[in-house]
Structure formats: structure tokens, C-alpha cells
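> Each chain is listed here by its residues.
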Amino acid sequence: MNIIDLNDASRALSDLRTARPLVHNITNYVAMTLSANVLLALGASPAMVHAVEEVEDFVSISSSLVINIGTLSPRWVEAMGLAARKANSLGKPWVLDPVGCGATPYRTNVAASLATLRPTIIRGNASEIMSLAGAAGAGGQGVDSTAASAQALDSARALAKKTGAVVAVTGEVDYVCDGHETVGITGGDALMPLSTALGCALSAVTAAFAAVRAPFAATVAALAVYGAAGREAALRCNGNGPGHLPAELCDALHGADLAMLERHAAIRASVTA
Amino acid sequence: MNIIDLNDASRALSDLRTARPLVHNITNYVAMTLSANVLLALGASPAMVHAVEEVEDFVSISSSLVINIGTLSPRWVEAMGLAARKANSLGKPWVLDPVGCGATPYRTNVAASLATLRPTIIRGNASEIMSLAGAAGAGGQGVDSTAASAQALDSARALAKKTGAVVAVTGEVDYVCDGHETVGITGGDALMPLSTALGCALSAVTAAFAAVRAPFAATVAALAVYGAAGREAALRCNGNGPGHLPAELCDALHGADLAMLERHAAIRASVTA
Amino acid sequence: MNIIDLNDASRALSDLRTARPLVHNITNYVAMTLSANVLLALGASPAMVHAVEEVEDFVSISSSLVINIGTLSPRWVEAMGLAARKANSLGKPWVLDPVGCGATPYRTNVAASLATLRPTIIRGNASEIMSLAGAAGAGGQGVDSTAASAQALDSARALAKKTGAVVAVTGEVDYVCDGHETVGITGGDALMPLSTALGCALSAVTAAFAAVRAPFAATVAALAVYGAAGREAALRCNGNGPGHLPAELCDALHGADLAMLERHAAIRASVTA
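Protein chains in written order, with the working numbering: chain A, 247 to 519; chain B, 247 to 519; chain C, 247 to 519.
For reference, chain A alone in the conformation it holds in the complex (with noise of 0.2 Å):
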């Protein structure tokens, strides 16, 4: 059993700030710079790293790897399958993010084919978790989910089994399943869809976790601490609208510690919804 709570989440943050993981990211336009300013105020180091000449070379130096397939093309799918693999071969955790899965026939290829490879852990929105198990009615508008997260679980326990994945569905609730278990996270705000790839740079914070962390445990806190983050921060945005949100998570990130994990996220644990 995978017993965590906030105070695990919070000395894994401890550990993540000393060990300074290296996480290399092969991630979307929309998300790169999102995702290391978030990545930097967490205590990690990212790179942003894509090139089919040195990606294999780059996971090789890396702690941690992440996998956003948020905008496709053909080269960059070619050194994403390059990638997966060499960290697996070099027994280096890495996350998939399907963005966008169900959206086109392209995009759900693409994700299908990498959700073989063998990820450390998958994080989509529950549409995308849904298209991927291959459920049917996975509906969704673009990139963003129409289904709540819980609709998705039966999805996240099949696509769990089917890849040996731990599967992380976020939304208003965050769950975290690896076939046997499910653990549910609480946290977040409403402001954070208004605010584009925060959910780009939760994969990416999760793969800094994966790098002292177990796959399962590493998810739990990544979701703890973001979701945490991601509330204080929205109250800092003072009921202005979303614009400050991406600075706010990021400072939310640098001074987060236990008493704001306690102060705005919940952990529960073998959760059956």
C-alpha cells in the first residue's frame, strides 16, 4: 500500500529542492517557458531539449524526463519514441502527457503509440485519460476536458493495468491510481483553466518529483504541492481575473512548504468514487 500524506509530500519537496533534479523536457510551444520558470521555482533545473541528434544524449545527463505532445509534428514524434526509450533503457522515469488526445486521429496515434513505450507515469485531463484507455465518449473541446475527473476513473485503473503506468487524471479533483490503488488529491482553484498549460507544467513538476520519489508517491506529491501552489496563488490573484496566475504559482512554488500544503490540499487515501 502507498501511504502518503502531507508530510511525505512536503520532505519529498525537501529532497527535490536538494537533489536539483535535471528534469529535460520535450514539451509544447505554448508550455516551455511556463514549464521552467515553474520548474525553477520548485528548486529543479529543466532544459527543453527536442532535436532527434541529442535527445538520446540528453536523457543520458537528465534525472528525470517529460513527454508533452501538446503541439505535434512528425520530427518531434520521431524524438520523443527515441527518447522514451533510452530513458527506459537507462531506468530513468518519464511522464506522458497526452494533450489533446481524442482531438484529432493524429493526436490520439501518436499518444496511443507512446502510452506503449512504458511511461513512469501518464497525466492528462479526463477527456484525455478517457480517449487514451480507449473509452468510448471520451468527449472534449480541443485541448481541454468536458468530462469531470471522476468519470474518468474506471479509465485511469484500465489505462493503469494496460501500461504499468501510474495514471494521474487532474481536474477539480485529482486522482492517482496504479491498477490496485487510487488515492484522491484536493486543491487547486477555479482560475486555473483560465490560465494555459498549467496542467502542461503539473507533468512536467511530476517528473521532478519522479526523480526522488517512487512513480506512485512521486505523482501524490507533485499533485499535493501543485494543487496547493495553485490555490495560494489564486488567492493571491485577489479576484482580478487569471493574468497574474502563471508569476503567482510560480512564487506559490518557491516558499511552498507544509503549512501551505496543509493550509489548502487534501490527500485521501483508497479512494473507491
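Relax, there's no trap hidden among the hints.
Sample of chain C residues at the chain B side, in silico, Cβ under 7 Å:
1. Met278
2. Thr279
3. Asn283
4. Ala287
5. Ala293
6. Ala297
7. Glu299
8. Phe304
9. Cys496
10. Gly501
None of these hints come from the bench; they were simulated from the model.
By construction, the Cβ of each residue, glycine as well, lies at the ideal position given by its N, Cα and C atoms.
Please arrange chains B and C on chain A, whose structure you already have, making use of the hints.
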């Protein structure tokens, strides 16, 4: 006659927020994140998709499309043509933003070629519109205009007649024309040209309005809302410079209403200047 | 002798704002938006153009060029070579930023190859400069330096002699050398490495100054202005973290003057450390 006033613009904004249109962006690397955040803050749902392998499928599920040539390469140009043709075949509105038209022959040729594909709306600065209309002496410094918007009015009208598009020239005063009629919109602030990609994001906003209004009304509403929000955002920068302008602009768009429009924008019909 | 003081740097800034140079950026995806905003806030006119089909034409209309290898791919490398050669043939200054040199063989080879094309100025962190100079034991964690800037001084001097470029090594203290002389510049803040792409944007700023001053003076002025503005911006973050640093940096650059330089920066000539 296209009589549009601030009340109409405000109603269009309400309808946009209700419809939450999915706006497909093929835009430049510099503008992607801001365009996404501006669209989210306004109440639309953005997606950035540019691969030849999926652009047509994505047009099919989108409400409208923006094609922005800011950072060009041949595969993207190919995708732009596919997406524009698909939008036409499905009767979906699309906006052409001819960034830097006139700066290099490649850029001018690509813009001219896209302009033949019956864009619903063309939005650019004075130098770009003059160059695209084939005017002699269209100035420009890279992607910034060296001409005032009023200087481009004849070019805008000629371009509207030639392409069938509604043409918007934006600058200190914005103009919208369709070959028959011209409307002038005031708003905005001198701080706006000091923050990158605000014009590109305006093209994305125009595409969002085109999902809920006919092209002329959509363009006028977009310029009025954006101009008012831009002015509001600039005021909130308190004379400290343009650093926080993108964030303030998102907040202002998020909170935009008729009162903000009346405070900062004006629409003058039947402009002859 | 290149005697440069804060008064000279301030005058160079005034001249830059008057000239409003068009700075051509071939830079990485992470740094594009920030580089554009930093250049606009400073008073320059930025453009991001990288297609093989148009880079040479764009160099022809630009005042200076920056080539940054942060996110590489073969077509971009081809464009970088074309742009550098065109700048040389027209006598226009260009800045090389060898991001992550040493992290992978591909990256190191591309940087070394560009360094043979007579860059006017090379700016990097200690690990990058040491790697590019061929120093044994050049550390580095991805794109972040693991060495202090003073450790790279010998490498910087050797690189300046080998390439003919003015070489800047930036870090807690910045150094500029041309093979004969070395100047040290203090300024900046420990918060700066916690926000992404600030070094890349500094290379763009250096290119802007190179449009109005000879290479050595331009580099020193750029580092002094940027260091002072960076320190000012960090102070305005009020200890809340790096989230608002990019916006504050733009505001500080927008308002930079001799008083800000005197408050936060110092130039020490004839450094021998």
C-alpha cells in the same frame, strides 16, 4: 449598413462567453502563450495545432481559425493552406494576420498567397496592410509599422475589394472596412506597442468574435473590446512600464463589460478620413 | 584601451533608444517572448525570423543579429549559418549565445562551428564558455552552469584570441574580454537564475547595444544596464520569489537611467583575477 455600437459589442462579448468557441490557432512562437491566455481570459477555448497531419481534422472541430505568419517555415505554410481551404469548405470563419508582410520577399509572397484563399477577415498594422495591398512605399521596420493606420485606409479598402475579406488596420486608431463601409474605433494605449505580440493576440480575439457574429460586426466588436481592455490594462500598469501589461490585459479582458467599453472605447461609423 | 564607465553605459542606452535598432533574433522557443519584451522595454525593435528562405533577407534590413542555440534542429542550424555569413558580409554585428554547449555532442559541435564564423560577441555562462574554449572539465548541468564565472576567465581570453570575438562570461560577476583586456561588471541578483531565459534575453540586449557601439563597449554597457535593471527588478519582487521577475525586469529596463546604474552596477577595468 453595418451599424455597430458599444452595446452591440458588449452583447457580442456576452454571446462569446456563453458559446465558449474553440479557436484554432496557427500562430507564431512568440505569440502562442499570450494568444492562449488572452482567449481563455476573454472566455474562449484556444488550441495551437499546426501539423500538416492534423490541421484539417482540427479545423473540423473548431469554431474558427486564425492564421498568423509571424514565424514561418515551409511545412507550416503548407499547413496554413490546408487549414484555410478546410475552413472555407466547412464555411468556418478564418482570420489572416500577415505579420511582417513586406519585410522579406518570402513573407510577402506567403501573405499574398494566403490572401487569395478568401480569408474572412485580415488584420494587420498599416505597413503590413499597405504591403499586402501592393501599395508602393509601404514602410515597416521588421514586424513594426512605420506608418499610421489612417495612411493605410485606401490600401485596406482596395484589399477588401480584391479579397472579399473584412480588413482591419490597427494602430493608434483602428479601422475596419469591407470595401463599402469604414468604421473607426478608438481605444488602446501608447504602452501597447511596447509589449510583444499584442497585435497577434488581437487577431486571435477577432477569430473568437467571428465565431459568434458576422465578419464585420465581429471585427468591430473585437477591436472595441480589445482597445478598451488594453487601455484599462495600461492604466493599471501605473506608469511603471510595459512589464505587467500582458497580465493586466488578461485581467481586463476577463472583467470586460459595457462600462469598461464606455470608459475607454468609441466606435465612429462611416469614417471617410 | 577600452575605458568604459557608467556614464558611457548610460549614454549608450540613450543612443540605443534614439536609434531604436531592429534586432534580428534567431533564438530558442523558451526565450523568444521574453527576448522580444526585453528589447521593446529597452527601446529596441525585435523580430524573430529563422526560416532558411528569409533569414538572409532579414539580416539585410536589421541593425544586428543574435544567434542562440537553445533549442536546436538541423534546419535552424542551417539558417544560423546563413544569417551569420550574411551579417559578416554586410559588416553587421552578431552575438553568439552557445546555450548548453557541452551538454551534448550535437550542441557542442554546432556551437564550435558557429564560433568559427567570426561572431562579433560571444556571451555564455561559465560552463558554456569553458566548453566552447575546449577547456577540460567544463562542468554544467544541462543549460545551467556549475562553475563560477571567474573560473572561466582563462577560457574566455583564449576563446577571444581564437575567434576574434569579444567574449562575455556572465554569472555572479560578469566579465568581458577581448584577448587583451578584461573588465568586470557587478550587478544582478541571486533571484535571476531562478527565472528562465534571462541569460538569453541578455544576449539579445547585447546585440541591441552592438548596433550603437563598438563590440567591447557595447558588451560592457549591455551587462551594466542589464545587471542594474536585474537588481532593481529583484528588489521589486519583495522577497516573494521569481514569479514577477520577467515583468519587473522589463519595467526596470524601460526606466533604466544613470541613477539606476549608479545604484546597482559597477564596472571595474583591467581585471586580472
